[in-house]
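Visitor: Below, each chain spelled out in residue letters.
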Amino acid sequence: MKEEKEDNKDLQVTPAREPAGEELDAAGKSLSEALRISFIILKVIMIVLVIAFLASGFKTVGSNERALVLRFGKIRGVGEKRILSPGLHWIFPYPIDEIVKIPVETQVNLPIDSFWYFQTEQEILSGQTRPVRPDQPLRPLRDGYCITRGERQDQAAGDFAGSDYSIVHSKWQLTYQIDDPEEFFINTYIEDVKPGDIYFNVITESVEPLLKNVFEDAVVTALVNYTIDEAISSQDRIPKHIKRLVQEKLDKIKSGIRVVSVQLTSSDYPRQVKDAFEASTRASQQRDREITKARTFAANTLNEAAGPVAEQLYLALHDESVSEQAKEMLWSQLAGTAREKIADARTYRTEVVERARANADYLLSILPEYKQRPELVMQKIYLDAIEQILDNADEKFVVQATEGSKGTEIRVLVNRDPKLKKKKSTEQTEEN
Amino acid sequence: MKNIAIAIFVALIIITLGLYLISFQVRETESCLVTTFGKATVEDQITAPGWYFKWPFPIQQVHRFDSRMRTYEVESEETTTAGGDPIIVSTYVVWKINKPLEFFNATKTVRRAQSEILHSRIRNTQNNVIGRHYFSEFVNSDPSKIAFESIQNEMLETLRQDIADAKVGIEITALGIKQLKVSEEVSKEVFERMRAERNRRAEVITSQGKGESIKIETDAKSKADELITAAEARATAIRGKGDAEAAKHYKKLEADPELAMLLRDLEALIKSMGEGTTIVIPTDMRPFNLLKGLPELKPAEPNEP
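If you read the protein sequences in the order shown, they are chains A and B. For what it's worth, my numbering labels the leading residue of the first sequence as 5, then goes sequentially. For what it's worth, my numbering labels the leading residue of the second sequence as 606, then goes sequentially.
Only chain A is shown next, with the shape it has when bound in the complex:
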């Protein structure tokens, strides 16, 4: 525009030069002098303009951008050369060439809250949720939500199958970036950049409605395929599914936009049924606790019975394919009550064998002596035994037996339990 103004000035001056050559008087001389000077100035201006015009063809492309050059409105170049990489480039100045810069490297986050229940500004700021009555409905135009499918039931059929859907609230974040600058420029609507606007913000704001619509469509489409529990547990599968749907649609319309990631930032049961859902969660926790307790009990019981190898041994006992050797290995590692029983048996075995051996050896050892002096040896053995018995005995009474008409009668009052015995409170009665 500036150029044109200068051009007009030039046009006005040119015809003034010709009459100056015909009349040369003093006034004319000074006029021609003035004209000459202004002409020189004009020439300098023209040269500066030409240089400025050519220099205006230098364009820089930022490090996060790629650029396209439009020559007479059409993208210049073939193949790879169509896209200019970051750096300094020279193109023909306007109106021949025009540069279009597209910020491709920058990733943009777009939060989607349209599937969340209505919250007032205050609630959002304070982060508190207002409790709702269980019978308060969701207003379709104000509260956002998605519909999820019901749990698969075998007996469900016909019309009933569609009627056990659930409602779920969710918040998402879409991250995208421009992937194909050419497709993006040709197909995606960008508002004109007005003075004072930041180019990048204009792009972001312009694509937002498109992305929002496509994304919401994908969320609605994907979530009807999942149950509410799947949606709440934030499985990776759902964001992936949605990412795929969004990308498919963006590719189909040749938007040149790539979805970098889809995140489920938040998901929740409707507040109206929260209590029931929480009760169900508590029930699961209770179940888990009970099962853990039972498992601990089981582990303890088995441990007490047979030690750490209990489970293995039990399986081995019921498995024909386990070799005897392996079973013996397990038996040898036994602990607990079972081990005690076996240990007792071993002790008994040793004892019984040793005693038998000792008795036999004893017999054999005294036999020669016995054969020579049976009476004496017998007496000795007998008295040894009596001595031992009397040693062991707690109380001993030696009684004088006398002949009487009624024979001999001895009455002894004894305390059966020696530990409870007070003094020697025994009574000895002797008749006659």
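Hints in this document: simulated from the structure, not taken from any laboratory. Hints are not guaranteed to be accurate.
Some chain B residues judged to face chain A by a derived CB distance under 7 Å, without partners named [unchecked claim]:
| hint | residue |
| --- | --- |
| 1 | G655 |
| 2 | V699 |
| 3 | N703 |
| 4 | I782 |
| 5 | M799 |
| 6 | K828 |
| 7 | A840 |
| 8 | V885 |
| 9 | P887 |
| 10 | L902 |
The C-beta atom is built at its ideal place from N, Cα and C for all residues, glycine as well.
Fit chain B to the given chain A structure using the hints.
Guide: Chain B in isolation, oriented as in the chain A frame:
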């Protein structure tokens, strides 16, 4: 020299200005329509970008149309499925101007195209197509019966056909349902059902937990019992072996069975008269007879010389 340079410069400027009058550029993002005294034919549409000539202003005029994709959404609206269930949907379309002449004749501006052409057609399509499907095709506990995507495709095809028939120069590139909701009344019922369903499930879970834990405990008990029984069996076997081994030594006792029996009896006697026994013994019995007095003793003669 000077004059020639200036002349060339001036000429260039005049040519440039002249070209502005008789030519125009079509950008990649546009399509144009050239009207001659206000009239245009199909040949006057320019959709390929580049540099074109025309007659200057009063004769020919260039109308530019942005041919990039735009989105247009219809606000949420209640409609009815084939089964009579009310359902609230919101549909959006991605559209662009593909035939400048038709578009020029039909509406001229984007705003009017959206409010006059697209709005009612999208609503019609939405109501018609949804009216042909049952609610169970939108959401179903059996995922294989969900036809949500194909319903959207059907809407797209129907709308495309409709727009193409109307010859308004618009192409629909994509269509989707971006909100799928139920009415206020129905949402109450849904909550009711969700709550009942959860409560039922909580009960199932609780009883499952009880059953499971009892099973685990009984299993463990029976396993433990079995192991102990097995161990007892082994123990009995070991005892048996011990008895058998001990029996081998009994052979040696055959050297003098009577003595062996006596020794055995004595041992049993000692064992049975353990600690805590009270014994009453007559003085006749040795060695207590010594309490009564000293027996007569004669030094023994040597038995054998």
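Visitor: Indicate, hint by hint, whether the structure satisfies it.
Guide: Cross-check of the supplied hints:
Because the beta carbon of B:G655 sits about 5 Å from the nearest beta carbon in chain A, less than 7 Å, this interface hint is met. Evaluation of the B:V699 hint against chain A yields a held restraint, the C-beta minimum of about 5 Å falling below 7 Å. About 12 Å separates the beta-carbon of B:N703 from the nearest beta-carbon of chain A, more than 7 Å, and the hint is not met. Proximity of B:I782 to chain A holds as hinted, the smallest CB-CB distance being about 6 Å (cut-off 7 Å).
About 5 Å separates the beta-carbon of B:M799 from the nearest beta-carbon of chain A, less than 7 Å, and the hint is met. The closest approach between the C-beta of B:K828 and any C-beta of chain A is roughly 5 Å, which is under the 7 Å cut-off, so the hint is satisfied. Against a cut-off of 7 Å between C-beta atoms, the interface hint on B:A840 holds, since the closest Cβ of chain A lies about 3 Å away. Checking B:V885 against chain A by beta carbon gives a least distance of about 4 Å; that is within 7 Å, so the hint holds.
Interface restraint check for B:P887: the shortest CB-CB distance to chain A comes to about 5 Å, inside 7 Å, so the restraint holds. Interface hint at B:L902: violated, since its Cβ lies 15 Å from the closest Cβ of chain A, which is beyond the 7 Å cut-off.
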